[in-house]
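Order-wise, the sequence lines are chains C and S. In this text, residue positions in the first sequence follow this note's numbering: the first is 72, and each later residue adds one. In this text, residue positions in the second sequence follow this note's numbering: the first is 72, and each later residue adds one.
Derived by calculation from the structure, the hints in this document are not laboratory data. Treat the hints with care, as some may be off.
Within a straight-line C-alpha distance of at most 20 angstroms, the following computed DMTMM-like cross-link-like pairs (lysine to aspartate or glutamate) qualify [unchecked claim]:
(1) K227(S) / E285(C)
(2) K249(S) / D298(S)
(3) K227(S) / E310(C)
(4) K227(C) / D85(S)
(5) K227(S) / D287(C)
(6) K227(C) / D287(S)
(7) K227(C) / E285(S)
Computed far set for chain S versus chain C, every beta-carbon distance over 12 angstroms [to be verified]:
(8) Q101
(9) K117
(10) S290
(11) E294
(12) M300
Beta carbons are placed, not taken as given, at the ideal position from N, Cα and C, and that holds for glycine.
Number of protein chains: 2
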Amino acid sequence: MSNPDYQQRKAFFDQLLTIYGRKPVLEALQDPAMQIYKLHLAESNKEDGIIRDIKKIAQQRNISIEMHERKALSRISKNGKQDQGVAADLQLTAYQPSTVINKETLNKAARRYIALDRITNPQNMGMIIRSVAASGIDGLILPRRGGAPLSALVIKASAGTLFRAPLFYCDNLAQELKRLQSDGAQLCGLSSHAKQSVFDTQNNASQIYILGNETDGVSKEIEKQCDFMLKIPMHNGVESLNVAVTAALIAFLGNR
Amino acid sequence: MSNPDYQQRKAFFDQLLTIYGRKPVLEALQDPAMQIYKLHLAESNKEDGIIRDIKKIAQQRNISIEMHERKALSRISKNGKQDQGVAADLQLTAYQPSTVINKETLNKAARRYIALDRITNPQNMGMIIRSVAASGIDGLILPRRGGAPLSALVIKASAGTLFRAPLFYCDNLAQELKRLQSDGAQLCGLSSHAKQSVFDTQNNASQIYILGNETDGVSKEIEKQCDFMLKIPMHNGVESLNVAVTAALIAFLGNR
Numbered sequence: 072m073s074n075p076d077y078q079q080r081k082a083f084f085d086q087l088l089t090i091y092g093r094k095p096v097l098e099a100l101q102d103p104a105m106q107i108y109k110l111h112l113a114e115s116n117k118e119d120g121i122i123r124d125i126k127k128i129a130q131q132r133n134i135s136i137e138m139h140e141r142k143a144l145s146r147i148s149k150n151g152k153q154d155q156g157v158a159a160d161l162q163l164t165a166y167q168p169s170t171v172i173n174k175e176t177l178n179k180a181a182r183r184y185i186a187l188d189r190i191t192n193p194q195n196m197g198m199i200i201r202s203v204a205a206s207g208i209d210g211l212i213l214p215r216r217g218g219a220p221l222s223a224l225v226i227k228a229s230a231g232t233l234f235r236a237p238l239f240y241c242d243n244l245a246q247e248l249k250r251l252q253s254d255g256a257q258l259c260g261l262s263s264h265a266k267q268s269v270f271d272t273q274n275n276a277s278q279i280y281i282l283g284n285e286t287d288g289v290s291k292e293i294e295k296q297c298d299f300m301l302k303i304p305m306h307n308g309v310e311s312l313n314v315a316v317t318a319a320l321i322a323f324l325g326n327r
Numbered sequence: 072m073s074n075p076d077y078q079q080r081k082a083f084f085d086q087l088l089t090i091y092g093r094k095p096v097l098e099a100l101q102d103p104a105m106q107i108y109k110l111h112l113a114e115s116n117k118e119d120g121i122i123r124d125i126k127k128i129a130q131q132r133n134i135s136i137e138m139h140e141r142k143a144l145s146r147i148s149k150n151g152k153q154d155q156g157v158a159a160d161l162q163l164t165a166y167q168p169s170t171v172i173n174k175e176t177l178n179k180a181a182r183r184y185i186a187l188d189r190i191t192n193p194q195n196m197g198m199i200i201r202s203v204a205a206s207g208i209d210g211l212i213l214p215r216r217g218g219a220p221l222s223a224l225v226i227k228a229s230a231g232t233l234f235r236a237p238l239f240y241c242d243n244l245a246q247e248l249k250r251l252q253s254d255g256a257q258l259c260g261l262s263s264h265a266k267q268s269v270f271d272t273q274n275n276a277s278q279i280y281i282l283g284n285e286t287d288g289v290s291k292e293i294e295k296q297c298d299f300m301l302k303i304p305m306h307n308g309v310e311s312l313n314v315a316v317t318a319a320l321i322a323f324l325g326n327r
């Protein structure tokens, strides 16, 4: 299991994101910035307008096309009800395991990351990815499960920036944050009940800002591990901000 | 037409926002923070569960109830197809004509406003209102027409902050911006093509930041009037940010 060839292939396949549906796949094919590894089609598709277009663009772009039985395609898309007989593997070049962030990375310079703890709304997820990519902060740390999956909805809400954003995935966020903390990162949880302002907590350490679920915030387990709990100061009796807005404020306003 | 009594009544009615639909009206009634001037019901409504609840809460809160013929109610809601026989006039205490922002306001201290030029997506509109309210900047300037109307969708996306946000309405935004400029405000248009960064243009003048339409940005007419065109600097080849994110960054910029 640990031979280098396997590790390399695993890393390659970990960078693949499968999207499905005729419109989303056509749009991905039409965007030259999107790297597409493979196009999957069901043999049962009729050769009508949009399927013909999809095939034509894939051929022009030299993307390999695989034909499948209807059931096999459902296993690839993992959504037979909505895939419309079409799926594509997208290659996210900036999608890496969070284990690449290590002691050396964290101590060489003051890095800044945002970690997402169960953000479930795809619209929010896409907007956060877009702001992270645009801000130039060091990255977004995402658990593979427990949040919105990187679906076509997320891609759309990210305005295509999903393919350029520095994304780091992990399996268990709480454990991975503990590891990153012991490797030198400060953990800063966001909470509207916190006393300290996010704008007053700039220092020269590497920091990971943790944004929690839209309804119940950062989970208790992670909150206990945090070095700081921070808030965005608010006026006019407003109690909370949209989580995508909070992410943008941290990503853009912190590092100047 | 210019007698003081008329002016006062006009100012009062200008603060009213009519919402409609059983669920939105019920939710408004259940929120003690919402000031409701009047409840309007169609005589044709059956006295079923939700209508009974709506009436009961209105009576408990001492809100006057007016009964109307079905057609008259459609004229009040301005949406007979979706009003479900129910409408309510909400009173926005922080909703004022932009003409109250004058030479004195603009020159006494450095004020900061955001103006919206044809923002059409209600989700964006609501998020912008929420960020403006939370940030504590001086206000949001909105033309009455040409953007998303302050509908139930906007109220929802604003997470109820519409009722606390300092909103200033005008009829013609381009003309009103010209007037505000001659009264002492700097006009700063946002554009991803601009050369100057919004983060480098802090000064002690009163400033109005103008955010343009989701697709085509600030209109040519307004761009010509601007003292500065500014951008949010972006990384990773990202070309634009969500307009609600841009608004939040500008609104909170002053707070740090």
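Results for each hint:
1. K227(S) / E285(C): 15 angstroms, holds
2. K249(S) / D298(S): Distance of about 11 angstroms is within 20 angstroms: holds.
3. K227(S) / E310(C): Holds - the C-alpha atoms of E310(C) and K227(S) are around 15 angstroms apart, at most 20 angstroms.
4. K227(C) / D85(S): Given that 20 angstroms is the threshold and the Cα spacing comes to 38 angstroms, the pair is violated.
5. K227(S) / D287(C): It holds: about 19 angstroms lies between the C-alpha atoms, which stays within 20 angstroms.
6. K227(C) / D287(S): 19 angstroms, holds
7. K227(C) / E285(S): The given pair, whose Cα atoms are some 15 angstroms apart, holds under the 20 angstroms limit.
8. Q101: Check passes; 17 angstroms lies beyond 12 angstroms.
9. K117: 34 angstroms, holds
10. S290: 22 angstroms, holds
11. E294: 22 angstroms, holds
12. M300: 18 angstroms, holds
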